[in-house]
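Asker: Line by line, the protein sequences give chains A and B.
Everything in the first sequence is counted per full-length UniProt numbering, starting at 1 for the first residue and increasing by one.
Everything in the second sequence is counted per full-length UniProt numbering, starting at 1 for the first residue and increasing by one.
Don't take every hint at face value.
Within a straight-line C-alpha distance of at most 27 Å, the following computed DSS-like cross-link-like pairs (lysine-lysine) qualify [what the hints assert, rightly or not]:
(1) B:K455 - A:K327
(2) A:K455 - B:K327
(3) B:K357 - B:K303
(4) A:K455 - B:K77
(5) B:K329 - A:K455
(6) B:K95 - B:K327
(7) B:K455 - A:K3
Here chain B is said to cover these stretches of chain A; the calculated rule only asks that three of the stretch's residues, wherever they fall, bring their Cβ under 8 Å from a Cβ of chain B [what the hints assert, rightly or not]:
(8) 47-54
(9) 326-334
(10) 369-383
(11) 404-416
(12) 427-439
The set of hints was computed from the structure by calculation and includes no laboratory data.
Every residue, glycine too, gets a C-beta built ideally from N, C-alpha and C.
Given next are the chains, with one letter for each unit.
2 protein chains.
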Amino acid sequence: MQKIVVIGGVAAGLTAAAKVKRDNPAAQVVVLEKGSLISYGACGMPFYVAGEIPAMTNLMMTAQGKLRDQAYFRQDKHIDVRTRSMVTHIDRVQKTVEVKNLATAEYSRIPYDQLVLATGATPFKPAWPGVELANIHPLWHPDDAVAIRTGIEQGLFKRALIIGAGLIGMEMAEALQRQKLEVTVVEMREQVFPALLDSECAAAVSQYASYNGITILTGEKVERFTGNGAVQAVVTSQRTLPADLVILAVGAGPNVELARAAGLALGDGTGAIAVNEYLQTSDPAIYAGGDCVENTNLVSGQKVFAPMGSTANKHGRVIGGNLCGRKVKFRGVLNTAVVRLMDLNIGKTGLTEREAKQLGYDYVTATVSGHDKPHYMPQPGRLTSKLVVNAQNRQVLGVQILGDGQVDKRIDVIASVLNFAGTVDDLFDIDLAYAPPYSSPIDHVAVAANMIMNKLK
Amino acid sequence: MQKIVVIGGVAAGLTAAAKVKRDNPAAQVVVLEKGSLISYGACGMPFYVAGEIPAMTNLMMTAQGKLRDQAYFRQDKHIDVRTRSMVTHIDRVQKTVEVKNLATAEYSRIPYDQLVLATGATPFKPAWPGVELANIHPLWHPDDAVAIRTGIEQGLFKRALIIGAGLIGMEMAEALQRQKLEVTVVEMREQVFPALLDSECAAAVSQYASYNGITILTGEKVERFTGNGAVQAVVTSQRTLPADLVILAVGAGPNVELARAAGLALGDGTGAIAVNEYLQTSDPAIYAGGDCVENTNLVSGQKVFAPMGSTANKHGRVIGGNLCGRKVKFRGVLNTAVVRLMDLNIGKTGLTEREAKQLGYDYVTATVSGHDKPHYMPQPGRLTSKLVVNAQNRQVLGVQILGDGQVDKRIDVIASVLNFAGTVDDLFDIDLAYAPPYSSPIDHVAVAANMIMNKLK
Numbered sequence: 001m002q003k004i005v006v007i008g009g010v011a012a013g014l015t016a017a018a019k020v021k022r023d024n025p026a027a028q029v030v031v032l033e034k035g036s037l038i039s040y041g042a043c044g045m046p047f048y049v050a051g052e053i054p055a056m057t058n059l060m061m062t063a064q065g066k067l068r069d070q071a072y073f074r075q076d077k078h079i080d081v082r083t084r085s086m087v088t089h090i091d092r093v094q095k096t097v098e099v100k101n102l103a104t105a106e107y108s109r110i111p112y113d114q115l116v117l118a119t120g121a122t123p124f125k126p127a128w129p130g131v132e133l134a135n136i137h138p139l140w141h142p143d144d145a146v147a148i149r150t151g152i153e154q155g156l157f158k159r160a161l162i163i164g165a166g167l168i169g170m171e172m173a174e175a176l177q178r179q180k181l182e183v184t185v186v187e188m189r190e191q192v193f194p195a196l197l198d199s200e201c202a203a204a205v206s207q208y209a210s211y212n213g214i215t216i217l218t219g220e221k222v223e224r225f226t227g228n229g230a231v232q233a234v235v236t237s238q239r240t241l242p243a244d245l246v247i248l249a250v251g252a253g254p255n256v257e258l259a260r261a262a263g264l265a266l267g268d269g270t271g272a273i274a275v276n277e278y279l280q281t282s283d284p285a286i287y288a289g290g291d292c293v294e295n296t297n298l299v300s301g302q303k304v305f306a307p308m309g310s311t312a313n314k315h316g317r318v319i320g321g322n323l324c325g326r327k328v329k330f331r332g333v334l335n336t337a338v339v340r341l342m343d344l345n346i347g348k349t350g351l352t353e354r355e356a357k358q359l360g361y362d363y364v365t366a367t368v369s370g371h372d373k374p375h376y377m378p379q380p381g382r383l384t385s386k387l388v389v390n391a392q393n394r395q396v397l398g399v400q401i402l403g404d405g406q407v408d409k410r411i412d413v414i415a416s417v418l419n420f421a422g423t424v425d426d427l428f429d430i431d432l433a434y435a436p437p438y439s440s441p442i443d444h445v446a447v448a449a450n451m452i453m454n455k456l457k
Numbered sequence: 001m002q003k004i005v006v007i008g009g010v011a012a013g014l015t016a017a018a019k020v021k022r023d024n025p026a027a028q029v030v031v032l033e034k035g036s037l038i039s040y041g042a043c044g045m046p047f048y049v050a051g052e053i054p055a056m057t058n059l060m061m062t063a064q065g066k067l068r069d070q071a072y073f074r075q076d077k078h079i080d081v082r083t084r085s086m087v088t089h090i091d092r093v094q095k096t097v098e099v100k101n102l103a104t105a106e107y108s109r110i111p112y113d114q115l116v117l118a119t120g121a122t123p124f125k126p127a128w129p130g131v132e133l134a135n136i137h138p139l140w141h142p143d144d145a146v147a148i149r150t151g152i153e154q155g156l157f158k159r160a161l162i163i164g165a166g167l168i169g170m171e172m173a174e175a176l177q178r179q180k181l182e183v184t185v186v187e188m189r190e191q192v193f194p195a196l197l198d199s200e201c202a203a204a205v206s207q208y209a210s211y212n213g214i215t216i217l218t219g220e221k222v223e224r225f226t227g228n229g230a231v232q233a234v235v236t237s238q239r240t241l242p243a244d245l246v247i248l249a250v251g252a253g254p255n256v257e258l259a260r261a262a263g264l265a266l267g268d269g270t271g272a273i274a275v276n277e278y279l280q281t282s283d284p285a286i287y288a289g290g291d292c293v294e295n296t297n298l299v300s301g302q303k304v305f306a307p308m309g310s311t312a313n314k315h316g317r318v319i320g321g322n323l324c325g326r327k328v329k330f331r332g333v334l335n336t337a338v339v340r341l342m343d344l345n346i347g348k349t350g351l352t353e354r355e356a357k358q359l360g361y362d363y364v365t366a367t368v369s370g371h372d373k374p375h376y377m378p379q380p381g382r383l384t385s386k387l388v389v390n391a392q393n394r395q396v397l398g399v400q401i402l403g404d405g406q407v408d409k410r411i412d413v414i415a416s417v418l419n420f421a422g423t424v425d426d427l428f429d430i431d432l433a434y435a436p437p438y439s440s441p442i443d444h445v446a447v448a449a450n451m452i453m454n455k456l457k
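With the rest of the complex left out, here is chain A (with noise of 0.2 Å):
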């Protein structure tokens, strides 16, 4: 019988899991998750803290309304998942892993014949004096985001402090904003979205939050925490600015310790661990996806960082059906992200002009403004996308839509250009639905193609 160990219970681990139960019912598969909880919707915690969820277990819930807990997937996937079980040590001759169990602190010895590492990643804690006063938070676990919303619940909370302006950070700003908290975001760099835009796009949504009543704060350093227990303030290279609240966002590094320790290659750049198209680590035993491994950008090809829920499902099901002894392929990512702040929705996927510079291309951009649908419906919406395009071969780069119109269908059809590598030319011809009442693709976006393409003739 085919033995299948998984380490990680969220959602690459638990997604190849149960892809193989599914097609190789007959596999024996035990998942390790060293935490408590298991496959919580990661995604949705904002919205739980925003009050816009009602409770955490919704995000732990199935479709239909059963919690996604150890007797759901032991009784309904057939999945033996083992929670406050951590992996101390892989011993990759002997093709087992050692446990500790977290209840008992009794060790075990669990042999595979297939390992899959979803150890996923763990956001960073910078040290700064005071970081370990209460109040100070990642979101990065259900824990985080229920502790947050019950001092909220409690009225402990009247000035919340962001640190990072990434999509953690920001969309925890919308969050506290909705629950009539005072908010501010540092940043450190120059803009918001330093990951995902360009700097005149990022001025836009700054100027866009700050109208709004959030005061953002770029170029500006944290040194240190004050406070008495709990935090009452954050002393930043600039000025102090009282605190009861503070969101630590600012980024996450994988999690490879055990593949370290156990001699598997990890990515130059990324640090986090190296796999192949199928997802294979350097030791064909053992698989790895999720937060913990490096992707490929589909655009530039070069290997990225770049932590999603939707990459590490994928990852999951390519590793389920590899384990069932498919040839499954995973290509790469896009970097495709789209966010609401308030009622701004801001969309990026591929590379922007600071990327597509850094890079070495020879580009051109071009940025319209205009309505999402024909101008005579009542209510159309507002749209600005900036085009960045190779001008050698013509080939889509990447782009940025920020707008309180559809933003993210035009992401996901720039996104499927880009995944075929199409051209801007293709980007204009595409037969996309046309209709009113709908949003329109003959507006900005075959626009801003077109302006490129009588640049490039």
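Position chain B against the provided structure of chain A, taking the given hints into account.
Answerer: Just chain B now, with coordinates in the frame of chain A:
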């Protein structure tokens, strides 16, 4: 000086003319339109009839609120647009067109270096007895829309009968129901949306429409109209239906009389003007685009007659580019369509199962229902998708999607995949935007793709 004559002043013709003047301001461009109106947004007419758009002139304005009339095109675009100017003859040897001024009944002759045929299509008007009675209208020209809406506002109509359950018929059903008329749709074939949906998808639409108060009668032929000056009833193969307003929405045919008289090649199956990928007719000095030409279905390679405003605008841009000496191709269409019926969104791209079967494909299908965003988010939309995939090479052939969720976004993603002849695996792989609160691609379309991948493995 390059002399260009364009016959037809709505979508394709004016787009071609504007593109030429933008890229080559020295060219002399004359647009001859036999009607008195130009450049109207025909796709918006049902929404004008419904009262969602205040005035018909809204459909004739630029986004900046300028009326796109003759004066606008002359002054702002430097295009010599002549309305009520009917071309009666094309002399391909002399390279001239003969024009009748419908106001003065005078004839003149205009020379051309290149000619553009954008003569459009005409709605079918079956020779049923009584078809000339008042208040029997197609919905094709702004005059139709204005007549219908004026009658509604005067309280003339209580019971509307729509003949034909295609795109225009069903859009009008919704529009007239919004105007509080009693609406019945009669369709000769056995289902609604016969060109758009497979029968089981159509049955779901019929059920929804009936539940929402629109009477749908399929498999029923109209035989004649009765009335006294104005229509009072429609007699079908099965019953007499009282009606004080009748909409004829039984399709349209291309306007090819001028082309035929000039000896230009017409498509065998479609009867529309045959063009090459540069949209040149069999006479290289004559281009043609819009509703009067045939298109290539990119999935099947077949020639189709598929008149759509979005396609006409693309044709215009392609023709304009080629008139300026470039080599711009129009590859074809996917027969993409999306339509709203109250809260139900209905979309299609590529081939239905019926079409795949008729064309002899070895195919598999999967139909999946589900939510359009993470189920833990408030108010997820519901969707049902039917995916059709080539079993031989895994290529996606088409999809139909119905539901109150975000149909248009998924249709556009799959249209993009079809544009690149992508496979079911691509559908699963693309790094689409995934984040609540947005509707999620990691949904039933991916599930349908997965089901098919499992069938094909």
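Asker: Next step is simple, just say for each hint if it's right about the structure.
Answerer: Structure-based check of each hint:
Only pairs whose Cα atoms come within 27 Å are accepted, and K455 of chain B paired with K327 of chain A is accepted, the gap being roughly 16 Å. A hinted pair counts as satisfied when its Cα atoms are at most 27 Å apart, and K455 of chain A with K327 of chain B qualifies at roughly 16 Å. Restraint check: the Cα-Cα separation between K357 of chain B and K303 of chain B comes to about 17 Å, which is no more than 27 Å; the hinted pair holds. Of the pairs offered as hints, the one joining K455 of chain A and K77 of chain B holds, with about 21 Å between alpha carbons and a cut-off of 27 Å not exceeded.
Restraint check for K329 of chain B and K455 of chain A: satisfied, since their Cα atoms lie roughly 18 Å apart, inside the 27 Å limit. The straight-line distance between the Cα atoms of K95 of chain B and K327 of chain B is roughly 22 Å, inside the 27 Å bound, and the hint therefore holds. At most 27 Å may separate the alpha-carbon atoms for a hinted pair to count; K455 of chain B and K3 of chain A meet this at roughly 25 Å. Counting residues of the region 47-54 of chain A whose C-beta lies closer than 8 Å to any C-beta of chain B gives 3; at least three are required, and the coverage claim holds.
By the rule of at least three residues with a Cβ nearer than 8 Å to a Cβ of chain B, the coverage given for the region 326-334 of chain A holds, with 6 such residues. For the region 369-383 of chain A, the proposed coverage by chain B is satisfied: 7 residues have a C-beta within less than 8 Å of a C-beta in that chain, meeting the threshold of three. Given as covered by chain B, the region 404-416 of chain A passes the check, having 8 residues with a CB less than 8 Å from a CB of that chain where 3 are the minimum. Evaluation of the coverage hint for the region 427-439 of chain A: fulfilled, as 12 residues show C-beta separations to chain B shorter than 8 Å, against a requirement of three.
In the structure shown, no violation is registered for any of the earlier numbered hints.
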